[in-house]
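Participant: Fit the two chains together into the complex; they arrive one by one in their own frames, and the hints show the way.
Read top to bottom, the protein sequences are chains V and D. The opening position of the first sequence corresponds to residue 284 in our numbering, with each subsequent residue numbered one higher. The opening position of the second sequence corresponds to residue 311 in our numbering, with each subsequent residue numbered one higher.
It should be emphasised that the hints constitute simulated quantities derived from the structure, not laboratory data. Warning: the hint list may mix true and false statements.
As the list claims (entries may be wrong) - Heads up, simulated BS3-like pairs for lysine-lysine below, C-alpha to C-alpha not over 25 Å straight-line:
1) K432/V with K369/D
2) K323/V with K374/D
3) K432/V with K432/D
4) K381/D with K331/V
5) K498/D with K381/D
6) K434/D with K385/D
7) K323/V with K369/D
8) K327/V with K434/D
9) K381/D with K310/V
10) K432/V with K327/V
11) K323/V with K434/D
12) K369/D with K327/V
13) K432/V with K331/D
Stated by the list, open to error - Far from chain V, some chain D residues (derived; all Cβ distances over 12 Å):
14) Q378
15) K381
16) T384
17) K385
18) L387
19) N389
20) P393
21) D394
Idealized CB from N, CA, C, for every residue including glycine.
Given next are the chains, with one letter for each unit.
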Amino acid sequence: MAKLLNLISLWALPVILIGILTFGLIKKVPLYEEFTEGAKEGFKVSVKIIPYLVAIIVGISMLRASGAIDILAHFMSPVLNKFNVPADVLPLMIVRSLSGSGALGIFSDIANNMGPDSYATKLAAVMVGSSETTFYVLAVYFGAVGITKIRYALIVGLLADLIGIIAAVSVCNLMFA
Amino acid sequence: MNYIFYFLIVISIVIGAINGKLQEVVNAVMSGAELSVKIAFSLIGIMAFWLGIMRIAEKSGLIKIIAQIIKPVTKRLFNELPPDSPVIGDITMNISASALGLSNAATPFGIKAMERLQQYNKDKSTASNSMCLFLAMNTAGLQLVPTTVLAILVGIGYKNPTEIIAPTILVTLIAFTSAIIMAKFAQKFCPCKPVKEANDGKIA
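Same shape as in the complex, but just chain D (with noise of 0.2 Å):
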């Protein structure tokens, strides 16, 4: 991460001043920031509002009947956290609501997996193998109905939007499956440090 900071910043300057676009760069510092910090607020009501519903979803026990239910898959997947863990829930929730394309609610999901992946995880500073794994999935980004896209075609006047659903889903899921093997593979055979996570239940 230290390197890709750095270098996004220095290519930049670099690139910017060699093409004369060194006032737009710096000009970008200032909106950046100021963007950044809209979109988290822009994200309290949001989050809010869906980790109050996932909060009820968990307590009345509902969480964990959705981990039950996919766990013969999940199991393979998450081999490192414990089976019946109700973070298994959370990433159900996560990957559902992204699929669907309902952004909104599958952000706060994914964080409530990541910080429960986080109280396995032995390293606190360090991603484990499962964080890397649902990071995955989620830059992946499996979609079966791309609401937005969708939207702007219909606002164009394309006839047939509706064309585009079966080539996105095709792609969506090569991506999405590839990204899982690649996770799997980096797991393996990455120089990177692995981290153990305490896959017997326990919390780290």
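So that you can see chain V by itself, here it is in the shape it has in the complex (with noise of 0.2 Å):
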């Protein structure tokens, strides 16, 4: 199973790749013309989402600097104690919505922390694999096209954050508590 996933993720690019290539020149498309005209995009796409970037990274560098999470999951305890969820993985249901590497920096520090056999850090890992940084995906896309009303987007968004938290909590209660 260990070795079937891991083939998987090594080739799955490369077959991509090959695939994609050998159909373009089976329908006799000039491959590096239209390679470079698509690629142009690449700059400009880049560029364009910057402004959109900085104004959610900034807010959100700003809120995990100020200590508000560090407060909200201290208000939180009580309540998921009761659900056994460990104290260290509080901090890691919030931020995983709001940055992709301070997740990734959080679970690494649970794993280091508590070590592989713990339920802290299965429980973690389940909540870092499962989930996609709603901001960052929402102000990428949302900028790269430049919609500045979002509408139900981002409430749909933490809800279903806040739904694979509570599957994670209870599948993981079942797996390995």
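Facilitator: Structure (structure tokens):
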């Protein structure tokens, strides 16, 4: 099982590349010209998302630096203790919607401090592995096309994160506790 | 978005002041701004490469073929889009790439999809229903191979790191499905302004 999964993640990219290029060649697409034509957009798109990224990432960096997340985690801890959630995992629940690198940082911390056999490490691994950074995704994708009125997109994203957290806690309780 | 931006900054400053961490909060402004540009610039090369590959996939008709194959599913989900639109192919490529843990490839695919969704969108500053649904799918982050997490677990000497894969897939499927259901639900009942899309295949 482990070998198969490693094989899939190793070969996924090469197979996609060979597939797309070979199919293009068969269909007589001028590969090099079309590639460079498409690649031109890369710079434009990356520059276009900068203002949106700055707004979101500065705001979130400030929030993390202020210690607000620790305060929130402190208030939530009595409730979460009932569901067998270790205190170290609390900040991760909040940070994982805000910052991908932050979530990975907290996860490595937990993994290194609690060790490979602890319940906290397993729960944290499932939580990080099963989620995407909601704020980052919204900033990049909406930023790339200049959308500023995002309607219910953020609320749905955060609710899905919450459901993911509840699911992770329940599944890990069943499997590992 | 206006309120979120306002509250993120004001709450951080107020709480930072109470915590005696005002200096750190101020420093975070600089480091955060720097980090955003670093992220954007590190995206340029990857973005250019995959947008180039995508262009070949599109010109060869491969994207259209992919769109055709999964039409039965997407027709229901993205019912406001013309069912034969190449955007369906872009969305499929994006979701499959992120499911396989290839987030570097997933982002350019996703941006391509957003650009095409924007062509069908009549109000260019407001998110369309299809965009909200697409982003709900993305923020939920369907992931079948959590590569980074596995790498960290192996790094700390976890004996059987693949045992977290099954629960991760289960949790990610629950979040992904509920995101789709909630987006569809919000589309119907959310008081925020509904924007009609040009579903006759015309580009707005």
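Participant: Can you name, in rising order, the numbers of the hints this structure does not satisfy?
Facilitator: 1, 4, 13
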